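Asks: Guided by the hints, dock chain B onto chain A, whose structure is given.
The primary structure of each chain is shown beneath.
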Amino acid sequence: MLRYIGKRLLMMIPVLLGVMVFIFLILHFSPGDPARMVLGESATQETVEALREELGLNQPLFIQFFKYIGGVLTGDFGMSYISRAPVIDAILTRYPATLILAGLSVLIMIIVGLPIGIISATRQYSFMDRASTTIALVGVSMPTFWIGMLLVLFFSLRLGWLPVSGFYGPAYWILPAFSIGINSAAIIMRMTRSSMLEVIRSDYIRTARAKGQSERKIVLHHALKNALVPIITIIGIQLGTQLGGAMVTESVFSIPGLGSYMLTAIKSRDYPVVQGGVIFIAATFSMVNLLVDIIYAFIDPRIKAQYKTSRKPKKEAVAQ
Amino acid sequence: MNKTTAVAAGTSNQLKKRSQFKEVWHRLKRNKLAVISLIVLGLLVLMALFAKQIAPYYYDNQDISVALLAPGENPKFPLGTDNLGRDILSRIIYGAQISLRVGLVAVCISAGVGCILGAIAGYFGGVVDNVIMRIMDVLLAIPGILLAIAIAATLGPGMTNAIISVGISGIPAFARVVRSSVLSVRDMEYIEAAKAINATSARILLRHITPNILAPILVQATLGIANAILQAASLSFLGLGAQPPVPEWGAMISNGRAYLRDYSYMVTMPGIAIMITVFAINLLGDGLRDALDPRLKQ
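Listed in order, the protein sequences are those of chains A and B.
Per this note's numbering, residue 34 is the first one in the first sequence, and the count goes up by one each step.
Per this note's numbering, residue 17 is the first one in the second sequence, and the count goes up by one each step.
Chain A on its own, in the form it takes in the complex (with noise of 0.2 Å):
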C-alpha cells in the first residue's frame, strides 16, 4: 500500500509539470501586456518598458519558464504584479476560505444526497423515488450561482436570517456552502441510487433476507458497502469541481477566497497569482483523488486485496 501511495505520489509530479507547462503558455500566449495593464494607459512607454525589464517580461518565455519552475520547487511561486507582494503568502491566506467552503459543501452533498439516494433506490419506482429523482435532475440543472443568489434573495434579503456576503463566521458559511452543496448533492444522490439498485439485486443481498437479517442492516452493511465505491469517486470529483466552482459562488458571496483572487488576477493579467493559484488547485484535486484512491481499499477487500497480489509475485521473482 505504501509502495502504491509512493508510486502515485510521484506520478503527481509529470501531471502537476504538465499543468504549469499548460496554465504558462496560455497565459503568456494571450493579449494584453501585464506591465501596461499595471501601469494604465496614460503611462509612457519608457515606464512600461521599464517595468517589463524589471518584472523579467523581456527575457526569453522558456528562460522565463524555467526560472518560474525553479522558484516553485523552493516555494517561490514569484511575487504579484499588482500588489508586489509574494504570491505564495497571498494564497496561503485566501486558500483556507476556499477549502472551508469546499468542505462544508461536500458535507451537505454527502448528508443530503446520499440518505436520500438509498431511500430512492431501496423504494424504486414509489412517489418517494420518482420526486426524489425529478427534483435532483431538477438540482443538476441549475447554475450554482443562479442557486446563490436565490438563498440571497430568501434567506438574507427577504427573511433577514442569514448575511447577504462576507465570510467572518460560521452565518456567512451557510449560504454559499448550500449553493454548491445542494447541486452537487443531487449529482451524489443520483449516483447512490444507480449504484445501490446495482447492487441490491445482487444475490448475497437476497441470501442476506433468507437469512432472516433486518432491512436496515441488508441496506447498511451490505449494500451501501459494496455500493460505495463509484459513490466515493463521484465525492472526489465533485470536491474538485467545488475547488474550481469556488471562483463563481467566492464572486457571488464576495468571498475573499482563492478563487475570486484568481479572478481578479486573471483580468488584470497578473500571471503569477493565477499560476499559483492554478497549482494549488490542481495539486489539491491530484492529493484528493489519491485519498480517494486509498479509501477504496478501506472500504473494499477486493481493492485492497489487489494491491497486496500486486506485489506478491515480484517477492517471489526475487527469491527465486
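In short, the hints are calculated from the structure, not lab data.
Model, not experiment: these values are computed from the prediction.
Where hints are given, some of them may not hold.
[Said to hold, decoys possible] Straight-line alpha carbon distances no greater than 25 Å define the calculated SDA-like cross-link-like pairs of lysine to any residue that follow:
#1 A:Lys40 with B:Asn146
#2 B:Lys68 with B:Asn90
#3 A:Lys250 with A:Ile332
#4 A:Lys244 with A:Leu230
#5 B:Lys211 with B:Leu199
#6 B:Lys45 with A:Thr167
#7 A:Lys300 with B:Ala274
#8 A:Lys40 with B:Met149
#9 B:Lys45 with A:Phe160
#10 B:Lys211 with B:Ser196
#11 B:Lys48 with A:Phe160
#12 A:Lys300 with B:Gly160
#13 B:Lys68 with B:Leu100
#14 B:Lys68 with B:Gly96
#15 A:Lys40 with A:Ala338
#16 A:Lys300 with B:Gly255
#17 B:Lys48 with A:Glu231
#18 B:Lys45 with A:Ala338
#19 B:Lys48 with A:Arg163
#20 A:Lys300 with B:Met149
#21 A:Lys300 with B:Gln259
#22 A:Lys300 with B:Leu155
#23 B:Lys211 with B:Ala231
#24 B:Lys48 with B:Leu308
#25 A:Lys337 with A:Ile265
Replies: Just chain B, lined up with the frame of chain A:
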C-alpha cells in the same frame, strides 16, 4: 418447404427493417419523460429559430419610461422589463438562440477533437496512447470551469471565445469515453476481419469502430450540451462570456444582480429559462442512456 422459406425470409426482412436506430427510438418513445423533454426541446429550438417572429420586441429595444416593470404589471411586458426598459420575455426568446448555439457548437468542438484523440489513443495504443492520455490527465487535473475561465481570459471576453473555451474544457471527457469504448471493441473478430482484408486504419476507425461506439458518445454529447450551457452562463456571469447588450441568460442574471432586492424577477426569469433548457436536455440524456443500454432492452 416453400412456406418455411417464405416465413424465414419474412422474419429476416422484419429484422432488417428494425434497425438499431429504430429500436432505440421505439424504446425512447416508451419513456414518457424523455418524450416530454423532446417536445420541450423542440419548442425551444423553434423559439430560437423564429425568435424574430415570436418575440414582441427586438432584444435591445430600450424604453426608459417603462423600466423595471414587474411581471404582469403591464400586459405588453408579460415577464416585466429590466433597468433599461427592455422586455425580459423578448430577451429570453432571443437568448435561446445563444444558449442552444453555445451548447451545440461547444459540444461539436469537444466531441470532434475528443473523439479523434480518444479513438487514436484507444486504437493504436502504446506510446501514442500514453502521450495523448497524459495530456488529457493534465487537462483533467484542472477543474472544468477553471479551465474554461483560464482559456476564456486568455482569448478575451466574447461569446465566440466563451464557446471555444467551454469546448476545449470538454475535450478530455470525450477522449476518455471514446478511448475506453474503442478499447472494448478493438479486439473483436469483425475488426480482425477488416484488418485481414487489408482495410486501412482510417477506414476501420470510421466504418467499423465508430458505428459500434456511437451510443456512449451520443449520451456524453447530450449531457455535454447541458454542461456547456451551464458553463457558458457562468462565464457570462463573470463577465468573460457574452458582452452587453447580448441577451445571454447568464449575462442577464449578472445584469439583474444589482437589482436583486427589489426587482428579483430580473434574476429569476433568465434562471428559470436556463433551468428548463438544461433540465430537458438532462432528461433526454437519461432517456437516451436507458434506451441505448442493452441490459434494459426488455
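Asks: Which hint numbers does the structure go against, in order from smallest to largest?
Replies: The structure breaks hints 18 and 20; every other hint is satisfied.
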